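*Asks:* Residue numbers (my numbering), protein chains in the order written: chain A, 1 to 293; chain B, 1001 to 1292.
Any given hint might turn out to be false.
[Stated by the list, open to error] In silico lysine-lysine, DSSO-like type, Cα no more than 27 Å apart, as pairs:
(1) A:Lys-288 to B:Lys-1281
(2) B:Lys-1196 to A:Lys-12
(3) A:Lys-288 to B:Lys-1124
(4) A:Lys-193 to A:Lys-179
(5) A:Lys-288 to A:Lys-56
(6) B:Lys-1196 to A:Lys-288
(7) A:Lys-53 to A:Lys-228
(8) B:Lys-1196 to B:Lys-1133
(9) A:Lys-56 to A:Lys-193
(10) B:Lys-1281 to B:Lys-1195
(11) B:Lys-1133 to B:Lys-1116
(12) A:Lys-12 to B:Lys-1195
(13) B:Lys-1018 to A:Lys-228
(14) A:Lys-10 to B:Lys-1195
[Stated by the list, open to error] Have a look at the derived ranges for each label pair, beta carbon to beta carbon:
(15) A:Met-133 to B:Val-1033: 30 to 38 Å
(16) A:Trp-8 to B:Trp-1113: 16 to 24 Å
(17) B:Tyr-1137 to A:Lys-53: 31 to 39 Å
None of these hints come from the bench; they were simulated from the model.
Being a predicted model, the structure only gives us computed values, none of them experimental.
Note that CB positions come from ideal geometry on N, CA and C, so glycine has one too.
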Amino acid sequence: MTAPNHKWRKFKSGFMQVIAFGCAILVLLPLVLVFEHTISQGFSSINWDFFTKLPKAVGETGGGMANAIVGTFILIGEAALVGVPIGVLGGVYLSEYGGSRLNWWIRFAADVLNGVPSITWGIVVYALLVVPMHGPSALAGGIVLGMMMVPLIMRTTEEVLQLVPGGYREASLALGITKWQTIVQIVLRTALKGIVTGVLLAVARVAGETAPLLFTAFGNLGWTHSLKEPVAAMPLVIFNYAISPYEDWHRVAWAGAFVLLMLMLTINISVRFLTRDRFSRIQAEVIKRHPNN
Amino acid sequence: MALAVFVLIGLIGYELAKGARASMHQFGWHFLVSTDWDPVNDVYGALPYIFGTLVSSILALIIAVPISVGTAVYLTELAPHWLRQPLIMFIELLAAIPSVILGFWGFFVMVPWLHKYLAPSLEKTLGFLPFFKGHNYGPCMLAAGVILAIMIVPIITSVSREILRSVPGLQREAAYALGATRWEVTRIAVLSYAKKGIFGAIILGLGRALGETMAVTMVIGNSPYIGSSLFKPAQTLASIIANEFNEAPPVGLYVSALFELGLVLLGVTVLVNIFAQLLLKTFAGPSVKPQP
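Please build the complete structure, drawing on both the sequences and the hints.
*Replies:* Dropping the structure here:
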């Protein structure tokens, strides 16, 4: 026996399925459009000069953003020096030590910290470092990015360490190996790929940041000779060129956007490549499942 | 090392409060409701920026929530299995686009399109609504809402997907056994079960939207505005800080007022984030356990 409204219910079900499919397509649309435009505009503007030359003054054609590319890597390096040790050790503490009550609060604080707007980080580090040092610097820029990495890496490291089976730890402790040795030799080693994945994703996140650098790294038209000088970074140059009225600068900015996008793509693909085997795939999945990633 | 998170939180609060002290002392609570922003006469108020931040974020939610939840439903309930991983990968990629690039694209591609096609047709068909009154000249609140929507869709989608995945399979089977169609199963057994978690995902997206800076700065037009039209340029807390912080002299009321805007922004986003985390934590509690 069929209920009288059976056809209508079937139709409604099919209709909603089409709507859900449409939503998925709609999500992909901006991705396709942004990639299409950046590649078509950026690729044609890329040449050898882009990677090797300094920016040119307004009116002169040509020029590149060699200093900004180097600057971005300097900033990432500094950020990693700050963010990775604190983040990983914090994650180890959360997973291996600590009372559950305190850890709940630490986790909570890290998650809240992840939600702090990037522009807020910028003005905080401005007050903390740029004012006392009498000017923006590469140091301030690196530290602000490093601070932003801390909660990201802490949480991913913790999640990954939790996946290491407890039996591994117990076996090691039963052999009379100290707790710290167990953590370094057994736990961290087992989870290494997952930790690296978390670090790479955090790097990818901060490498594209512009807002925290506006007042800290500030940008620089030439090379940076010391960490106390302002430094150029790709996202900053893209921003400054994009809002300028000069056609030629827009072209360079598109080229920069293209390179930055390719950098993101490379990191994402290398994460996939790194996590091919089963255990690290599970690690990567757990990392990405975390709401902050 | 783990305690570094508390140090960082303390540092953020302390530095912002220190920077904002002069402005708080001068204007008091009036700062939050005043519409003046006049560096020449040193009078400042935050209302237009608070308005811009809230409206652009709510607009983003209105656009992003149905799309994200629809996509999450498609990914967990409907899509063929071979399609799921590639789709998820593309959504992750969308989240990985730096906001400055999205803003750049928004300014040169999306805003002209809005101006040329979407705005005139909205004005013609829905022009009787106060939201679509007036003429559009390019960068505007609507553009900011759309760009923010693009930015928060990935996070709402992926968190909702996790929530939907944690709905027990028995729940679905029971509904099917009662003769429900696929949509009815999704609506009755899955979505209503996951309501609270999805709400948490949405609030998390709201937190992101409130604090987003670069992309919004590039498409919103940067002019203080309070009113109902979405076609007018506006400004948000984050975008005015990005625009004017470098112009302000390092000491004085101007920079202090900007710090206070930062403090307001921090307060709002932290409250929203705490709310989201609590919702997600209470939902995720039991479902973390492996299901039989």
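*Asks:* Taking the hints in turn, state whether each one holds.
*Replies:* Structure-based check of each hint:
1. A:Lys-288 to B:Lys-1281: Given pair Lys-288 (chain A), Lys-1281 (chain B) holds - Cα atoms ~17 Å apart, limit 27 Å.
2. B:Lys-1196 to A:Lys-12: Within the cut-off at roughly 25 Å; holds.
3. A:Lys-288 to B:Lys-1124: The given pair, whose Cα atoms are some 44 Å apart, is violated under the 27 Å limit.
4. A:Lys-193 to A:Lys-179: 21 Å, holds
5. A:Lys-288 to A:Lys-56: Given that 27 Å is the threshold and the Cα spacing comes to 41 Å, the pair is violated.
6. B:Lys-1196 to A:Lys-288: 21 Å, holds
7. A:Lys-53 to A:Lys-228: Holds - the C-alpha atoms of Lys-228 (chain A) and Lys-53 (chain A) are around 23 Å apart, at most 27 Å.
8. B:Lys-1196 to B:Lys-1133: Violated, because 36 Å separates the two Cα atoms, which is more than 27 Å.
9. A:Lys-56 to A:Lys-193: 42 Å, violated
10. B:Lys-1281 to B:Lys-1195: 14 Å, holds
11. B:Lys-1133 to B:Lys-1116: 16 Å, holds
12. A:Lys-12 to B:Lys-1195: The hint holds at about 21 Å.
13. B:Lys-1018 to A:Lys-228: 24 Å, holds
14. A:Lys-10 to B:Lys-1195: Judged against 27 Å, a Cα distance of about 24 Å means the pair holds.
15. A:Met-133 to B:Val-1033: 30 to 38 Å: Between Met-133 (chain A) and Val-1033 (chain B), where Cβ atoms are some 37 Å apart, the hint holds.
16. A:Trp-8 to B:Trp-1113: 16 to 24 Å: 38 Å, violated
17. B:Tyr-1137 to A:Lys-53: 31 to 39 Å: 37 Å, holds
Checked against the numbered hints listed earlier, the structure breaks hints 3, 5, 8, 9, 16; every other hint is satisfied.
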